[in-house]
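Q: Now for the letters of each chain:
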Amino acid sequence: MGNTLFFISLSLIWVMLLYHMFLMQGGFRHYMTFERNIPKWRENMKELPKVSVLIPAHNEEVVIRQTLKAMVNLYYPKDRLEIIVVNDNSSDRTGDIVNEFSEKYDFIKMVITKPPNAGKGKSSALNSGFAESNGDVICVYDADNTPEKMAVYYLVLGLMNDEKAGAVVGKFRVINAAKTLLTRFINIETICFQWMAQGGRWKWFKIATIPGTNFAIRRSIIEKLGGWDDKALAEDTELTIRVYNLGYHIRFFPAAITWEQEPETWKVWWRQRTRWARGNQYVVLKFLAQFFKLKRKRIIFDLFYFFFTYFLFFFGVIMSNAIFVVNLFYDLHLSVGFLAMILWILAFFLFMTEVMITLSIEKTEMNKQNFFIVFLMYFTYSQAWIVLVIYSLFVEIKHRLFKQEVKWYKTERYNQHKSG
Amino acid sequence: MSLESGLNVLSVSGLKGTALYTFKADDGTIHSFIWKTKKGNVYIGLTNLLNDNLIVAKQLREAFGEKAGTTLLYLRLEDISPMSDEKLLLQAGIYLHKRHIPFILAVIPVYLNPETGDKVYLSDQPKMVKVLKKLQSMGGSIIVHGYTHAYRYSETGEGFEFWDAKADQPITSGNAEDPPSILEKEQDFPNEQAYHSYLEPFREKEETYTKQKLTRAIEDLTSSGLYPLAFEAPHYTMSEYGYQIASQYFTSIFGQVQLSSTTWKTSGAPPFVTAPSMLHGMTLYPETIGFVDTSKQNPLGEMEEHISQMIDFEGGVAGGFYHPYLGMKYLPELVDQMERIPDSEWLDLKKTKQTVKTDKVEIHTSGDGTIQVKNGVSAIDEFFDHHRQTPLEKALWILSAVVLLFVIMFVSYTFYLRATLKKRIFKERRSLG
Chain A
26 MGNTLFFISL SLIWVMLLYH MFLMQGGFRH YMTFERNIPK WRENMKELPK
76 VSVLIPAHNE EVVIRQTLKA MVNLYYPKDR LEIIVVNDNS SDRTGDIVNE
126 FSEKYDFIKM VITKPPNAGK GKSSALNSGF AESNGDVICV YDADNTPEKM
176 AVYYLVLGLM NDEKAGAVVG KFRVINAAKT LLTRFINIET ICFQWMAQGG
226 RWKWFKIATI PGTNFAIRRS IIEKLGGWDD KALAEDTELT IRVYNLGYHI
276 RFFPAAITWE QEPETWKVWW RQRTRWARGN QYVVLKFLAQ FFKLKRKRII
326 FDLFYFFFTY FLFFFGVIMS NAIFVVNLFY DLHLSVGFLA MILWILAFFL
376 FMTEVMITLS IEKTEMNKQN FFIVFLMYFT YSQAWIVLVI YSLFVEIKHR
426 LFKQEVKWYK TERYNQHKSG
Chain B
502 MSLESGLNVL SVSGLKGTAL YTFKADDGTI HSFIWKTKKG NVYIGLTNLL
552 NDNLIVAKQL REAFGEKAGT TLLYLRLEDI SPMSDEKLLL QAGIYLHKRH
602 IPFILAVIPV YLNPETGDKV YLSDQPKMVK VLKKLQSMGG SIIVHGYTHA
652 YRYSETGEGF EFWDAKADQP ITSGNAEDPP SILEKEQDFP NEQAYHSYLE
702 PFREKEETYT KQKLTRAIED LTSSGLYPLA FEAPHYTMSE YGYQIASQYF
752 TSIFGQVQLS STTWKTSGAP PFVTAPSMLH GMTLYPETIG FVDTSKQNPL
802 GEMEEHISQM IDFEGGVAGG FYHPYLGMKY LPELVDQMER IPDSEWLDLK
852 KTKQTVKTDK VEIHTSGDGT IQVKNGVSAI DEFFDHHRQT PLEKALWILS
902 AVVLLFVIMF VSYTFYLRAT LKKRIFKERR SLG
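Residue numbers (our numbering), protein chains in the order written: chain A, 26 to 445; chain B, 502 to 934.
By construction, these hints were calculated from the structure, which means they are not laboratory data. Idealized CB from N, CA, C, for every residue including glycine. Among the clues, some could well be false.
Partial list, computed: chain A residues near chain B (C-beta under 8 Å) [stated by the list, open to error]:
1. 159
2. 368
3. 382
Just chain A, with the same shape it has in the complex (with noise of 0.2 Å):
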């Protein structure tokens, strides 16, 4: 008995493990060959697509000036762009700065939201800001990033090169990394996040995950979508697989960088993270549920994916540690004991040098006190994702029992002052 639960657990533990060790295999290669096609491509972008650059913003007057000049900062010729900012529902002063730059720049305009539309979240927004927009390729920003100068067009360069690609997903940095230890944690996340699963996927499978920023996809495709589903807490992942179920490839480009904040405080974070989780434990149990009508069942490495990591995975470390703490108290006589010792360091090894790997990439990152914060994020922050995954299970059996409506927690944003 001990023995079984025992195998099964790490079975599903290693399942995800090599999963991951393949990923980044495939995202190292993609570190090493993506910039090759760079300048071929610029020489076949004689006339760049018309551009709108949609931007949800909900109560962000902290952030959205400097958002705003980021995207005036943007190359890209002005007459071939736009810039919607979503008003949805904000109760401080983000119409008023919107209406600053409105002023200033043609390009810039803002949508409000109205009811029954105004405040239902990140998708309906989208929705609304989609619908008054005439670009050919959409682009989405959240309304706390700065786009580095070259990342729109960056996008657009991808999606126009690569005619089966539906969208071109860009890379993200964290602006504020060095504010606490939650934030260097969540930089570091981000980087494996990006090089692993979004580099390695796109090299292995051709998808990436449409995440909710730094994004181009192609307008034809939206409004044969129908736009965003506005009941899903993670419209990105939600988007994805329908992209992808189209017949696209989602490329990941990461010569389009944009910065943006994280979560400084742990409350913070968990509000978020639990959203996502529940997020997506709702598209895995959508699409599982109709799997046989997807046309591209390539997708199921995708919603495996997520299958795994928010049940499987955590169902087989849940019973792993559950079976180390029984076998302290009580000799469970489990027969591959030193192996499964072996197999734990190598485990703990392969996680470190797959960081590492992921922040050598990012040139400044890897440093001896990101080193030593990689170490400890193992104990630490990795931990907390088991406590997270519980709790938000928990929550989506409640809302599911008690038929509780959508409510999107959005992320609290700071005033970043920015040197250099």
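With chain A's structure known, arrange chain B on it following the hints.
A: Below, chain B alone, put in the same frame as chain A:
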């Protein structure tokens, strides 16, 4: 004189020669049962000689006019498992070596913990392997005393291995945790053929089980540099079919022989080196003088008695065993006692001709005291067979190797990125500028 061939005889007629012994039946008729003919000596089994074989053997020898020969002595250091005390073993071995006595090391390669089912392998105990190798080079000859010396979980050295003692029948399942399938008796079947076809599937299991155990025992020992030259069945119990299987691996067997295929409770051995037909070609080195039994008031008492009988017998084999965990308390006295036997010499197994083989290993002695070993077990086999791993464990080892490879690759990527850092920063500045 040997038990090489046996016949069931109901009546005898027309035998020419001199009747040496006769037997008077209850009805007053007289039967001759030992003859001397022109061709040879004949014994016709009207009585069970094995009940008192020493006396009968002596009588037979005298009757046949054979001469009493030299008595062959041997002493086995018994039940040596990976958990035995290697210091006491070394002490006993060195003592025998100093007295110029070649000895036998009856080794069980795996110790099975009866409570947990955990196994301790010889390769886990490098100290024990070292001692055994040393003793092997100091006049010790290794013999296989089973693989675990246990079937159903019982402690190594205590349990039966090639006989299901609980059900008192041959091994019927390779998995000792299965409840025994109680075999039906021959009389429950209409004819012998039906009985045999009933037994067939059980015999197959017994064969698989026995072959696996013997192969592993021989190969495990060989991979540790210990070269077994013969076999000794745990508790001297094994079915006749088991002996047949063992004969494919060994040319000699030590101890006594289980005489029935339906119960382990009768065993015996003639007092000579023989090759009885039921051992299918294996030579039997009989154990005739027992062992030092500390549960008795006089632990050496019975041995002394047997030794006296052997002195009286003149010739044959005086073979016994000693548990090294008893320390040195009884050993010198035992050796003194054995050497009391006049006209005797110690058996040096390495100077006999033996062949021990599995599909991959062949150990051979040609009689000059050296051992030739052919080991076809490859390094990879050995690694994966290390500790006789389950398929799961093998899979996990492969997994570990793959992961280790990737960890190494990932480290090298990191170093590569680190080494090209300046170049990359320069390139980035140029492309942004």
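Q: Indicate, hint by hint, whether the structure satisfies it.
A: Do the hints match the structure? See the list:
no., hint, in the structure
1, 159, "31 Å, violated"
2, 368, "6 Å, holds"
3, 382, "5 Å, holds"
Violated hint for the displayed structure: number 1, the only one.
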